[in-house]
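With chain A's structure known, arrange chain B on it following the hints.
Number of protein chains: 2
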Amino acid sequence: MAKDKKLVESITSMQEDFAQWYTDVVKKAELIDYSSVKGCMIIKPAGYALWENIQKELDRRFKETGVQNVYMPLFIPESLLNKEKDHVEGFAPEVAWVTHGGQSELQEKLCVRPTSETLFCDFYKNDIQSYRDLPKVYNQWCSVVRWEKETRPFLRSREFLWQEGHTAHADAKEAQERTEQMLEVYAKFCEEVLAIPVICGQKTEKEKFAGAEATYTIEALMHDGKALQSGTSHNFGDGFAKAFGIQYTDTNNQLQYVHQTSWGLSTRIIGAIIMVHGDDSGLVLPPAIAPTQVMVVPIQQQKEGVLEKANELYETLKADFRVKVDDSEKSPGWKFAEQEMRGIPVRIEIGPKDIEKGQCVLVRRDTREKYQTALSDVTAELDRLLKTIQADMFERAKAHRDSHISDASDYSEFKEALEKKPGFIRGMWCGEQACEDKIKEETAATSRCMPFEQAQISDVCVCCGKPAKKLVFWGKAY
Amino acid sequence: MAKDKKLVESITSMQEDFAQWYTDVVKKAELIDYSSVKGCMIIKPAGYALWENIQKELDRRFKETGVQNVYMPLFIPESLLNKEKDHVEGFAPEVAWVTHGGQSELQEKLCVRPTSETLFCDFYKNDIQSYRDLPKVYNQWCSVVRWEKETRPFLRSREFLWQEGHTAHADAKEAQERTEQMLEVYAKFCEEVLAIPVICGQKTEKEKFAGAEATYTIEALMHDGKALQSGTSHNFGDGFAKAFGIQYTDTNNQLQYVHQTSWGLSTRIIGAIIMVHGDDSGLVLPPAIAPTQVMVVPIQQQKEGVLEKANELYETLKADFRVKVDDSEKSPGWKFAEQEMRGIPVRIEIGPKDIEKGQCVLVRRDTREKYQTALSDVTAELDRLLKTIQADMFERAKAHRDSHISDASDYSEFKEALEKKPGFIRGMWCGEQACEDKIKEETAATSRCMPFEQAQISDVCVCCGKPAKKLVFWGKAY
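So the sequence lines, in the order shown, correspond to chains A and B.
Under the working numbering, the first residue of the first sequence is numbered 412, with each subsequent residue one higher.
Under the working numbering, the first residue of the second sequence is numbered 412, with each subsequent residue one higher.
Please keep in mind that the hints were generated in silico from the structure rather than gathered at the bench.
The hints are all genuine.
Which copy is meant is left open, because identical chains are indistinguishable; a pair holds if it fits in one copy or across any two.
Listed next, the in silico DSS-like pairs over lysine-lysine satisfying Cα-Cα at most 25 angstroms (straight line): (1) Lys729 x Lys547; (2) Lys467 x Lys729; (3) Lys735 x Lys547; (4) Lys494 x Lys653; (5) Lys735 x Lys467; (6) Lys547 x Lys439; (7) Lys560 x Lys520; (8) Lys520 x Lys449; (9) Lys536 x Lys439; (10) Lys729 x Lys474; (11) Lys832 x Lys887; (12) Lys494 x Lys449; (13) Lys547 x Lys741.
Treat the numbers as computed from the prediction; the structure is a model and nothing was measured.
Just chain A, with the same shape it has in the complex:
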């Protein structure tokens, strides 16, 4: 048992040090490893399988809305990055520059894409001629590079994986609809698949994307009360089109600028899965996204018939579930601890006594509840149980999130709430960046979003006391 305990005891508890708990989980659940390039992570099989499932599910949802996948170059010439003023100001300070190719210095240096608006614009400029060429609804799955100073696995790394959608439309209305549609795709994906409840809303001017007219976001609340921006969708209006000269002839043969959007979701979301659902024994994965949904653990597997029965169970289940058998030499206790660390939603224990009774034991990862189940019912019971876990995980995350939303009507309430109950703070805002700056400087909280569901919880700005314009969700964020 000493050995079994070691795996679990070597995680710091959440209560003691949340940041260390997070680092322990990503390592011990074998999601990532550190590489010899500072700030770049190695995504190990368990982490990458999670990303593959995210890709598969999200890509399917994208394609249902008419998205087509493409691939743009990794490099952006400096002159191209410089074309849209706000955009370059936002990104130039944090890009990596290629200056040499082969044996010689490049005539123009190339940045490794931090995001690909400029590449898509350069392409659309030639590819779009007529209204018949619109809309363009393209997306790419790729890695991007941002030269961050402080890095943390999944949450902030110098290279990360993501998808970036880039669309071009004939008019402003269609661009706005697409911006909102993709935010909704993200929100539904998070809630239905990842069991993560999100607040949907618009970013303030201060927090919007470099070059965007408007940025929309889904914001999730982590277990420690910090917010995580989990996906964003931007409406560019015709700003990029004017900077790059992307025009089309409309049905009246008049030249018009296109209206554009972009939207992205990254491996950051894996950080959200960990910090919304995890516990002191490790990861807890929602069944809909778990690479392995069920681990069959034979008990006293050296006894005759046990392994055979475990394998039989596997054969019965494999058509309907992502199931594995742990028939390694490790002790059952060690196997349990590993299954828990890796967040596999259900463990099935089967030993000689179970076999005698024609049953097995299903154990939930999230609540640790155990259910004795007749072997003849196992498919139906497991199906029911996985659905229950998925639903319960969402409800639990939502209850936690909701219980960590405080309303503040003035600045002292705001600061008190932030101190006493870390989470989202709902507070009215006058619309001035000065108040956002002051709040950030004095409390480290930022405006997370102006939620789509607005309410007038007070008449005055939570910071300056002047007349309020918008309800804002505030919070400390990753």
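Using the frame of chain A, we list chain B on its own:
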């Protein structure tokens, strides 16, 4: 009709200029576009959909053999690239260097991965401790960068997409088996899915991968008689393990070096699909990989009931086939030319007269044969037809390939064959690099591989006349 013809006539014929025909097809079939970064291509929806199907099918076959996917960083520190002598000599001359991150110069420059052996080795060095950690059978899907001087879409570009598998094993035997197993996966994939026959064999010392003990290859023959190396699998022995210090304790508690392999297949294979199957009307895609297998083209679609019937047909077929309806305003002739250019395997024509007779017309892309088919039989007929096309395409490609293999017993025969019937030349070889060098210098042909199926077609080297050791396939190559 003038407009319809334009699309087709604007392709150069193969006969006239094969290289220009290729360039025309990749552009007109909308597979790629050129980007503003020299030598980097934009893969458009039709090209990327092809790559997605290749990925899906190959990834499934990989996973059946126990492969797990991971993701390694994009960057390799210079010191890491330098660790294995042969490897760095092979790659350093053609890498892109990142020298600046954010606002400051890097302490150590980073190359953008041209291939990831060094990163995997650096990772395995820590990740592998005991025989229990073996084997590691990892793969990643990513892009790599090689600073080529001359570039051509898919065939040779500065950035390309690929998969690279990297494995570590306890002993030499297992590594050799994995090397051969993955070559076989490639060969079967090419033959069964892409309808491309390949020659499997081993590369000579001169042609093997930088740092490998042995390199195996699948070689395909293009329509112009040139060979294309379409996938490679390398056995590294313990060379990299010794350079990087990757050791494990075996069952006797002795330290041992691991044995490693790597294997890769890239977007280059799309070039092979084009050049093996294409014709003067454009692409011809094998049904198993075609993003759209069937295009329904309504004839006289303005007439009552035609579009409805075309859509009905679509509804009938969509569960079993990748099918689309072209209900655009273009003329049928234009639609036919587009469907042919894009290589969609089957077109279904349906007009008022067909509807009257309860039939439609199936047209094969590869042979242009037409089949009148009762609407009630269309699912079964289409299924049969697509299978026939797939099989016929392979047989045709194989017949072409086989009719372009010549045997040469001396150097004059060799040169004559190369002149008169471009293709593979089978010729015995003494084993000396001097002969390979001479042949390459004087004829531009290279040793493609020493085929697994050896034969003694003569006793002496085709170049120097000294005693022969191996049968070699020679040819000019992309």
